[in-house]
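From first to last, the protein sequence lines are chains A and B. If you read the first sequence in the working numbering, its first letter stands for residue 1, the second for the next number, and so on. If you read the second sequence in the working numbering, its first letter stands for residue 479, the second for the next number, and so on.
Don't take each hint at face value.
[What the hints assert, rightly or not] Quick list of simulated restraints, FRET-style, between CB atoms:
{"hint": "1", "chain 1": "A", "residue 1": "Asp330", "chain 2": "B", "residue 2": "Lys544", "range": "23 to 33 Å"}
{"hint": "2", "chain 1": "A", "residue 1": "Gly337", "chain 2": "B", "residue 2": "Lys480", "range": "47 to 57 Å"}
{"hint": "3", "chain 1": "B", "residue 1": "Asp621", "chain 2": "A", "residue 2": "Glu212", "range": "47 to 57 Å"}
{"hint": "4", "chain 1": "B", "residue 1": "Glu542", "chain 2": "A", "residue 2": "Glu282", "range": "12 to 22 Å"}
{"hint": "5", "chain 1": "B", "residue 1": "Ala669", "chain 2": "A", "residue 2": "Gly427", "range": "55 to 65 Å"}
{"hint": "6", "chain 1": "A", "residue 1": "Ala288", "chain 2": "B", "residue 2": "Ala672", "range": "23 to 33 Å"}
{"hint": "7", "chain 1": "A", "residue 1": "Val278", "chain 2": "B", "residue 2": "Lys531", "range": "23 to 33 Å"}
{"hint": "8", "chain 1": "A", "residue 1": "Gly100", "chain 2": "B", "residue 2": "Lys649", "range": "46 to 56 Å"}
{"hint": "9", "chain 1": "B", "residue 1": "Ser541", "chain 2": "A", "residue 2": "Ala326", "range": "53 to 63 Å"}
{"hint": "10", "chain 1": "B", "residue 1": "Gly632", "chain 2": "A", "residue 2": "Asp330", "range": "36 to 46 Å"}
[Unchecked claim] So these bits of chain A aren't anywhere near chain B, every CB distance computed over 10 Å:
{"hint": "11", "residue": "Trp14"}
{"hint": "12", "residue": "Asp242"}
{"hint": "13", "residue": "Lys344"}
{"hint": "14", "residue": "Glu394"}
To be clear, the hints were calculated from the coordinates, so they are not data collected in a lab. Glycine included, C-beta positions come from ideal geometry on N, C-alpha and C.
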Amino acid sequence: MPPMSGKTLYDKIWDAHLVAEQDGEAILYIDLHLIHEVTTPQAFAGLRADKRPVRRPDRTLAVADHNIPTAGQAKGVGAVADEEARLQLQTLERNVKDYGIEFFPMGDVRNGIVHVVGPEQGRTQPGMTIVCGDSHTSTHGAFGALAHGIGTSEVEHVLATQTLRAKKAKNMRVTLNGTPAPGVGAKDFALAVIGEIGTAGGTGYVIEYAGEAVRALSMEGRMTLCNLTIEGGARAGLVAPDQTTFDYLRGRASAPKAGAWDMALSYWKTLVTDEDAVFDREVVLNAAEIAPLVTWGTSPEDVVAVTGVAPSPDQFTTADKKAAIARALDYMGLVPGQAMTDAKIDVVFIGSCTNSRIEDLRSAAAIVEGRKVAGHVRALVVPGSGLVKAQAEEEGLDEIFIAAGFDWREPGCSMCLGMNPDRLAPGERCASTSNRNFEGRQGRGGRTHLMSPAMAAAAAVAGHIVDVRDFMQGPSEA
Amino acid sequence: MKAFTRLDARAVPLQIANIDTDQIIPKQFLKTVEREGLSKGLFYDFRFDPEGKEKPDFILNRSEYKGAGVLVAGDNFGCGSSREHAPWALLDFGISCVISTSFADIFYNNCFQNGLLPVVLKPDEVTALMDEAKGGNHMVSIDLETQTVTSPSGKTFTFEIDAQRKTKMLKGLDAIGETLTAATDIDVYEAKRALDQPWLERA
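Pulled out of the complex, with its shape left as it was, chain A reads as follows:
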């Protein structure tokens, strides 16, 4: 019998959380359950109907993020104009109160997008299992936590049992070697990976990101990379924790303290893939060859270098694919062969769980500083949390954005999905730092081009899609 091969990081976290198996299905313990207003009301209603308690309110954290307005939050939920949104927010308030769950309400400086808040508070830690009724829960994998989205029935299941019934996924490793060129970062890496494997390429897998270009990323960059993992179809993304992770966590509100920190740290350091572990699939990319990327179509896999052109249906062989390309071009109002930099922009959105952290705002502000938003462009910055907003204001970033003509908003999911009043009008073209360019995602008929914060900032100034490298001084600046 050949010797057993080693374990991947995913294998290790999975094994450490296995409570029991029932008929071939695992019962997996959940360390942290993040909840928000949109995907939980029916779950709490189910608990009430069956008279079931929340098993571990202390391992549950609630925020209000998806449908909150990004202005006037201090006026409170009672002042939210949208009646349905208000009812949903009030329902969450009642549920967290009834079940004793910690909650950062709208207007609390600690509130914000759930995937910004968890890490920022130090609630997200290496080796954890984390779930949330939101597909971008994969974000937390940046800390070496197994984190993924679940549906509302599963939210109810986790509330009632603190476990999830699950089947193990396969292991994929994406290695990013080399050093990226200036102007190229985590968003471009993520889009490059999705462009490579396709929007369903990761289905059935958990992806571990490795390689020197990943190691060199900050926690913010790693969160962007793991956030977009779901757009490649994979359940979760992982980056093994290292000194960057530990430095980020130390001192955060809910991070372990004193002796507990040392104990946690020694465990966290074991959270690496064994050298002899075998992955079901390996993908290797050279970060040095990745250009600043944008999406041209209506799927995150529709990726092209900013210096490139919109594709032609003729480049594809199958009738289905030709039709899909033609349909996407038509929706996006582009013609085959059109240079991406010809696409005139109406709206710029800097925000979302993908790119609304302090580093994202810094990189956008660096491009915007001393420049003006083009006259025809409506541009907004929506910080990921109240604390990100406060930090940015302390650094004077708000003044840079406002002086350039951006709207400086209060935190929330905002125009990423347009559940609140921030959305695109039909036909409007948006340079967006968010995660989905689906038809109608940011507003019916809205046209979304995904890109990095620096690229979106440059587009705001130029008034059309533009290569951020044209805005950067000197060849060595990153």
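Model the placement of chain B on the given structure of chain A, informed by the hints.
Positioned in the frame of chain A, the structure of chain B alone reads:
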């Protein structure tokens, strides 16, 4: 949860790949606190024009597909957001089976929580079914017990499904109730973790 055993119903072909959950049920319908009544938002932007008028040419609006119970769709159905409103809307509309070559992970899981059967067939089988459903006869049969789909012309395709999920679907079992039969295991696990990783325990 409602059990799924057998379904004889009209199939409606929707030959688009990567149909995401934003298309299945757009954002404005997610503000409900109920599970019911979501059929009004199903494929809203496909079914209705910006003024809210029905688009007569969209396939789900055509009279011959009224009352369809099966949707035959392109690859990677249900990608995107985790919203369980997507299966809720399909069920509320009367669709309790979706056939495709592949499904996105979270949507696939959500289906099984609600008695909506996602059936994966081979590409040529989906194409054959799609072509037949475009013709005059759209009646198909799905039998979960025998794991078969029978096309309008009588062709039979078999599909794979996880045995555990199949049993639950056939009986309409409640996952929480089943997990709670392992409550002692959860107690034991929690007690051990509290000792091994005390930093995870919040005061």
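Please confirm whether Asp242(A) is truly not at the interface, meaning its C-beta sits more than 10 Å away from all C-beta atoms of chain B.
Holds, because the least Cβ-Cβ distance between Asp242(A) and chain B comes to about 19 Å, which exceeds 10 Å.
Separation of Lys344(A) from chain B, once the least beta-carbon distance is taken, above 10 Å
holds (22 Å)
State, for the Cβ atoms of Ala669(B) and Gly427(A), whether the hinted interval 55 to 65 Å holds or is violated.
Between Ala669(B) and Gly427(A), where Cβ atoms are some 59 Å apart, the hint holds.
Outcome of range test on Cβ distance (Asp330(A), Lys544(B); 23 to 33 Å):
Holds: the Cβ-Cβ distance is about 28 Å, inside 23 to 33 Å.
Holds or violated: 23 to 33 Å for the Cβ distance of Ala288(A) and Ala672(B)?
violated (47 Å)
Could one say that the CB atoms of Gly100(A) and Lys649(B) fall in the range 46 to 56 Å?
violated (34 Å)
With 36 to 46 Å as the target window, see if Gly632(B) and Asp330(A) comply at their CB atoms.
holds (38 Å)
So the hint says 47 to 57 Å: do the beta-carbon atoms of Gly337(A) and Lys480(B) match that?
holds (51 Å)
Assertion that Trp14(A) lies farther than 10 Å from chain B (Cβ):
holds (14 Å)
Chain B versus Glu394(A) - minimum CB to CB distance exceeding 10 Å, so not interface
holds (29 Å)
Can the suggested window of 53 to 63 Å be confirmed for the beta-carbon pair Ser541(B) and Ala326(A)?
Taking Cβ atoms as reference, Ser541(B) and Ala326(A) lie about 28 Å apart, which means the hint is violated.
CB of Glu542(B) to CB of Glu282(A), is that within 12 to 22 Å?
With a Cβ separation near 49 Å, Glu542(B) and Glu282(A) fall outside 12 to 22 Å, so the hint is violated.
Of the numbered hints listed earlier, those contradicted by the structure are 4, 6, 7, 8 and 9.
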